[in-house]
Structures are given as C-alpha cells and as structure tokens.
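Colleague: Since the structure of chain A is already known, use the hints to place chains B, C and D on it.
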Amino acid sequence: MPAPRIWRHSNRGPVNVLLASHYNYWIVIALMMIGLYMVIAQGNLVKKIIGLNIFQTSVFIFYISVGKVDGAGAPILSAGETLYSNPLPHVLILTAIVVGIATTALALALTIRIKRAYGSIEERDIQAAEDKQDRATPPLPVGQEQ
Amino acid sequence: MELLLDIALLALLLITAISIAGIKDLLAAAMLAGIYGLLSAGFFMTMGAVDVAFTEAAVGAGISPLLIVLTLALCGRQQRGDRQRAMLALFLVLPVGALLIVATHDMPAFGAADAPAQMHVAPHYIQQSMAEIGIPNIVTSVLASYRGYDTFGEVVVIFTAGLGVLSLLMRSQGIDEPTVEPAPNAQSRDIVLRVIAKVLIAPIMLYALYVQFHGEYGPGGGFQAGVIFAVGFILYGLVFGLDAVRRVASHGLVQFLSAVGVLIYGSVGLLSLASGKSFLDYSALASNPVSGQHIGIIAIELGVGITVAAVMIMIFYLFAAQLRLQPRGPSLTPDHQGTDAGTAHLASQQQGAG
Amino acid sequence: MIDSLLSGISGLLLGLGCFFMLTGAIGVLRFPDFYTRMHAAGVTDTLATFLIITGLMLTAGWSLALFKLGLILLFIFFTSPTASHALARSAQHCELKLPEQSSASDPRSPTSTESPPPPAMPTETITTLERD
Amino acid sequence: MTAMLTATLIALLVVMALALARALLGPTIHDRILAVNMFGTKTVLLIAVICFTLGKPEFLDIALVYALINFVSVIGILRYFEFRSASAASESTAEVSNSND
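As they're listed, the protein sequences go chains A, B, C and D. Numbers given in my numbering equal positions in the first sequence, counted from 1, plus 15. Numbers given in my numbering equal positions in the second sequence, counted from 1, plus 692. Numbers given in my numbering equal positions in the third sequence, counted from 1, plus 309. Numbers given in my numbering equal positions in the fourth sequence, counted from 1, plus 41.
Here chain A stands alone, though its shape is the one from the complex:
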C-alpha cells in the first residue's frame, strides 16, 4: 500500500481549469437543489417522490464522480492495464440504486393508500381532510380510514 500523500489544492488555476475540474460537482449541486426544491415546493406526493429520485441520483453522480480517476478504466482487471477507477463508490451506488427503487416502490404504495384514504394526493387536500375530521370527531387512528 503506497504511503498516503497529502492532497494538494489544485483549484488555483485559471477559470477553465476550474471549470473542468469542478463542473461535475456543480451539476451535482444543481441537481440536488432541484430535487430539494421539488420536495419542498410541490404539494403533489408523486411529484415529491420524483424530486426525491432526482436528489438521490445526484448523490449517485457525486459518488461516481469522486471515484473517477483520469485515464483510468472500469474496475475490471485485465491484462496490460494498471490504472483503474475506484471500485468502492461503484459498489455502494450499485446497491443503493436497487435499494432506491425498492424504497421508491414503498413510497408509491403509500401514495396509493393515501389516495384511497383521502381521495387526493395533494398535500393541501390531505391536510384539509385531516382538519375537517379532527373537528368532526375525536381523532381516529389513520389505519381506520380505508
């Protein structure tokens, strides 16, 4: 194992160097913020889930970008190649993608149930229905609705 070198700041170069070396991170942040915006601003639950997916994908892109080494190939050992990208982020993200779809499915299933229970997937309507119910009757457990 090579002795860990101290990493040097390489962001002191001219603007175009900075662009090439940080472009990926900026896009990741933009995507992340779009995802966050959607989760906060959209009242529709499905749209929120799509926003979460965008957020999630931005994290994936971040990890993969971090694992990239210039001029390195895919981390599959082959004769005559010495430089490989970092396999660890690939492993983490690979499993995260499949876990992500499973949890997305869970969220969508919840949305379907909410639709059944409240007749709407807009946050406002759900809130209004809750308020109306609270005023009409003593609070029921949610499971009782459907």
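Mixed in with the good hints there might be a few duds.
[Unchecked claim] No more than 30 Å apart at the CA atoms, straight line, and that leaves these computed lysine-lysine pairs for DSS-like:
(1) B:Lys716 - A:Lys147
(2) A:Lys63 - B:Lys716
(3) A:Lys147 - A:Lys63
FYI, nobody ran anything at the bench for these hints, they're computed from the structure. Note that this is a predicted model, so its numbers are computed, not measured.
Modeller: Below, chains B, C and D without anything else, positioned relative to chain A:
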C-alpha cells in the same frame, strides 16, 4: 472526448431535471424521469462505472418510470401549483446551493489520482483482490466478499421494502374480476405485440442467467440479473395480462422466493460461522481459500438475484392488481373517489369472505 | 488492404447512419403533428441503428463483440418497429378521446374528417397506417 | 476510424438533445413517449459507440440491456396510459376532456 461526453451528458441531465421540476403534467414528468434515468446511466458509462450503468439502466430507465406511471394511472396526472410555497422553497434552496458551491472549492479536482477518496482502501482492493478473491471484476469481489455484510444488509432492506409494499397493498388485492382487467381489447388483441413478446421472453431470461453467472468476469451480478429477470416477467404481464403471468409464477411463489434469497445469503454466512471463521468469510467453504471465495460469491449472488427478482415481480403484481380495484380512471372530483374506493374495498372484503 | 477497405466501408456506414439519424431527429422536432413525427422517427430509427451497428460490426472483427452487436441489432430490429406500432395503435385508440390530439393542423388526418368517428373506423386506419 | 467514431458520438449527442427538446415541447403525451423511445434507441447506440471508443467491446452487454429495457418500459407506459384513458372514457367524454387536458 471523455470530457466532452461528460459535459454534454451532465448538461442534458440538468435541463431534464429543471423541466421535470417545472412541468405540470405528471405523466410528462414521468416520461422525463425515464429520460433522466437513461442519461444518468450514460453518464455512469462514461465514468467507467459499468456495473452501476448496468443497474441504473435496468432500474432508473425501466422499472422506476413504469411504477410511477402505474401510480399515476391510479392517482390522476394533474397537480396544482403553489406559488407561495415555491417562493419559500426557492428562498431556502438558493442559499443552500450557493453554500455548497462555495464548499466545492475545497474538493479535490475531478479525476485527481491523489484525491483522498482514492487513497485508503481502494488501492488494496485493486492490487490484492486477484490474489485474495481470484476474480477479475473488482466490483463484484468488493460487493460480495469484502463488503459482503453490507450487501447482506442491502438485500434485507430490499426484502423489507417488498414486505412493506405487500402489507400496504395486499389487503385490497384479493378480488379477481376479469371484466375490469385493464383494456383487455386494446392490447391483447394486438397480434404484433403478442408475437414479439413471445419471441423475446426466452432470450430475456437466458440473458438474465448470463448476467447472473457472468458477474465475476464482466459487468453484471445478482442485482442486475434479478432486475432483468423481473423485467421478463413484467413484459409477459404487460402483454398477456396479470392473470397469465400469475399462472406462471403465482403470488405465493414469488413471496416465498423473496424470502428464500435472503435465506440463502444468510445461511452461507452461518455456514462459514459454523466452520470456525467469521460471518460471511467464504474462505471457510472449501479447503482452498480462493475456491471457497468462488463458491461463496456464486451462492450469495444467487441469493441476491432471487430476492431482487422476486421483490420486483411482487411489487409489479401488487401495483398492477391495484388497477383492477379501480375500474374507473381517477375522476376530477376528489370527494367521489373516496366513496368509490370504499365500495371497491368493501366488495373485495365480501369476495374474500365468500 | 482488406483492413483499410473494411474501415472505409465502416466509416461510410457510420456517416450514413449519422445522416439518417440527424434527419430523423430534425423531422421529429419540426414536423407539425404526431403522426408525421412518428413517421420520421420510426423510419429513421431502425435504419440508422442498422447502419451504425453494422459499421461497428465491421470494425469489431471476429470476436464476442461481433456476436453481441448482432444480438443488439436483432433486438432492435424486433423491438423498434414493435414499439412504433404499439405507439401508433395507442395514439389511434386515444385519438377518439383526446381532443387535443385531433391534429387540427393536418386536414388529411383520418379522424378529423368526421367529428364523431364510428368505432369501426379507427381499427381500419390502424391497419392501413401499419401497412405503409 | 477514431475520427468517425467521435463524429458519430457528437451526432448522437445532438440527436439526443433534439429528442429531449421534443420530449419537453411535445404537446401530447404520445409525442413524449415517442421522444423517450427515440432517446432510448440513441442511448443504446451511444453506449455501443462509447464501448468502441474506449476499446472495451466487452461492455456491449450494457447496450443490450438498454435495448431490452427501453422496449419494455415503452410498452408498459403505453399500456397503463391506455388503460387510464380507456377506463376514464367509459364514464363520460366531457369529464375526460377535462382530466386529460
């Protein structure tokens, strides 16, 4: 060249994401989400993350938009805007984004070989995995052996999510009314689709098996193979109807298999525990540590593949079965909908009782 | 000799493929209504894919890659027209219901000639559309 | 040869951008599905060409899986979209013209 691809694909991703955020029609947003998945998979490909691109292709571009469209078929595709909240969100998001961008100045340059992320365990994996595990695909050896415990956790999470979907949607999916089968005359009469689907399903299954067992040597493995396998079933279900595909793999069988996969994985771990090594240390499985690793990896990849395929198929069944409960499309008036769903549910309970 | 000939042919095929692809894309962007767009996409999609994959096959030489490219080609040959077919059929199906899709910009559109089309009509048009 | 591959890559990116534009503009949902389908085919080609520019033809597996998934997702989207509009239409056309807009 790589830089050009990188910049172009990321720019397209950004445009897609912005338009997803802006678009009002949810179905259009789902379409764009499909494009988003394709683009990000293309990006992973240019980054040399072939295994990730493989998975994202199957999941992000295939299954995820499908599930969203299925949900929209049940929940309606219109959404309402909220100007006030949009302003509030912008107010929150913009400063956070600006702070993060400032923070990137301390990040190592993209692609730097001496970045901290490249320093610690990665060189060990790259240099030693051939001697220790003996398979060329480093991603598979890290996934299945070095970080086998972590992957076990992920498989359990997938299984649990499947259970969650099951418990959320199971209760109301008992009824089978062929009359409400979604648009039976629209697609099932379509001879072109039927023939092509019939021709394609066998190669898809074969390909899934290839991906499953080729994962040690090239891109592939249990996660990808499971999703591809599920896609074969989903295609069958889409073209020939849910009843037909359930005759092939019944709901009970799928539930059973989703547990079997986790069980296989766990019992490999217990086996190595029983032979005196630590949990999921495959070198205990054979006299030669490297061939033990081989056996262990093949076994757990099989477990992963079975669980992922079964959970994906199960999720598809459950979502598709929801459409039968709702014989009508989502109406505009939300207050009608609740009563409709209520009666449908009542009917399902009566059916279940009878 | 053979090598340079092969690479020349493959370059030619790739170039032709790019040309068709670009034409198709411009058509998809510029044509006035859905059916014309679909025409542009459906025709060029399959052809351009065929040309580009064949171009790549010529450079691959005798290897597993050649076989895989062949599989991709076969696959796209099956699926791309099928997807177009299903799409056209679905559009026909929904055209009865989607007022926005009555393609007012195109007077020769099959359904805009009679405002309440009889249910037998669309299936007829599907078959003729598909034969084209 | 490499020049030709690079040119193909650039052409593919341009076509992808155009298809994306159609997906954004597309007045009807079918236009968008068409664009997604086209985009998918182009991604298959993009991956295949990337494999050759990187000199790693063994990664063509990924292009194959794209071709497959793209088809299935288009069929699926069409099916459920069709289901929705078909079932909605069986109620009353007036209502549908609102809900589908």
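Colleague: Does lysine 63 of chain A sit within 30 Å of lysine 147 of chain A, going by the straight-line distance between their CA atoms?
Modeller: Status holds; Cα separation ~24 Å.
Colleague: When you check the alpha-carbon spacing of lysine 716 of chain B and lysine 147 of chain A, does it fall within 30 Å?
Modeller: 28 Å, holds
Colleague: Starting from lysine 63 of chain A, check that the Cα of lysine 716 of chain B is at most 30 Å away, please.
Modeller: With a Cα-Cα distance of about 13 Å, the restraint between lysine 63 of chain A and lysine 716 of chain B holds, given a limit of 30 Å.
In this structure, every one of the numbered hints holds.
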